[in-house]
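Q: Sequence:
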Amino acid sequence: MATLSAKQLMYGSIGLAFLGAILALSSSASGILGIIGGLFAGLGGLGAVVFFKYGYLVVPLITKWQKIVMVTDTGYEIPPSQDVIIKKVGNEYYASAFLSVKIFESATERGPEQNVAYNKYFERAISNMRYVVKICYLLYAEDVAEKRRTIETRKAESQLRLARERDKADPDVLKMDKYEREIGMWDNQLQRLIKGVRPMGVLAYAMTSATGVSKEAAVATLRAQVRELKVTLQNALNVQVEQLTADEMKKCFEWEYAFPSGPKELEENIL
80 MATLSAKQLM
90 YGSIGLAFLG
100 AILALSSSAS
110 GILGIIGGLF
120 AGLGGLGAVV
130 FFKYGYLVVP
140 LITKWQKIVM
150 VTDTGYEIPP
160 SQDVIIKKVG
170 NEYYASAFLS
180 VKIFESATER
190 GPEQNVAYNK
200 YFERAISNMR
210 YVVKICYLLY
220 AEDVAEKRRT
230 IETRKAESQL
240 RLARERDKAD
250 PDVLKMDKYE
260 REIGMWDNQL
270 QRLIKGVRPM
280 GVLAYAMTSA
290 TGVSKEAAVA
300 TLRAQVRELK
310 VTLQNALNVQ
320 VEQLTADEMK
330 KCFEWEYAFP
340 SGPKELEENI
350 L
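So the sequence shown is numbered by my numbering: it starts at 80 and just counts up by one.
Simulated from the structure, these hints should not be mistaken for laboratory data.
Treat the hints with care, since some could be wrong.
[As the list claims (entries may be wrong)] Derived lysine-lysine pairs resembling DSBU-like cross-links, with alpha carbons at most 30 Å apart:
{"no.": "1", "residue 1": "Lys294", "residue 2": "Lys329"}
{"no.": "2", "residue 1": "Lys294", "residue 2": "Lys247"}
{"no.": "3", "residue 1": "Lys329", "residue 2": "Lys167"}
Start from the sequences and build out the full structure, keeping to the hints where you can.
A: What follows is the structure in C-alpha cells.
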C-alpha cells in the first residue's frame, strides 16, 4: 500500500530534529548553521509530538490540502479526505467506510428485561436499514491491575471535562450528557473489578459500503449511509459512534484480513 501515515511523518520529524541537533551542536558550525539547526530541531520535535498525538486529525488535512490520492497494490484507492476506501469492480465503483462503536454498558450490567428490550431495539434498527452493515467485535482478556489504573485515570479525565463544561457560561447539554455517560461507564467497570470480575476488553467497529457509476456517486451515497448509520446505532444501542479516518480507518481495513494476535498488541490499537 502506498501510504502517507502519521507514523511515517512522525519518524520524518524525528529525523529532522536529529539532523537539526547535529547542526546546532557541531563545533564547526557557524552561527547561521547553529540557528538553522536549532530551528530544524525545534520544528522536528514539535512535528513528532503533533503527528504522534494528533496524526489521525493532521494527516487527512495534509492529504486533502495536497490532493494526495493513495493507491494500494490490490487496486484500492484512498482519496485525499482519507475517510473512505474505493475500488472499481467491473463498471461500478465500491466505496466503504468504517465507524468506531464505543460501548458504555455490557449485557451483564443490565437486567433480563433491559437485555430483551436492548435486543428488540437492535433488531428494529437493523430491519429499517436498506443496506448491508457489518459490525465487528474483537474480544480479549485484560490485566486486572493495569485495567484498574486505566479506569481510574479515564474516570478522572471525564469528571474534569464535565466540570469544565458545567463552568461555562453556555454549557453544551449534549457534551455534558456524553461525559456523564462516560463517568457512569467507568464507575460500573470499577465496581465489577472490585467484586472480582475478570475484565474483558471489547473493541467494536462497523463497516458499510455503497456503489455508484462513478467515484463521486459511490462516495456521496456512502456518506449519506454513514450519517444514517451513526444516528441509528447511537439511538438503538446507546453507544457513541464516530467515523474513522486516516490510520484508524486503515487499521480496520487491514483487520479484514488479519487482526492483532495478542491483548497487548490490540490494546495499543484501540480506536
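Q: Check each numbered hint from earlier against the structure, then list the numbers of those it violates in ascending order.
A: 2
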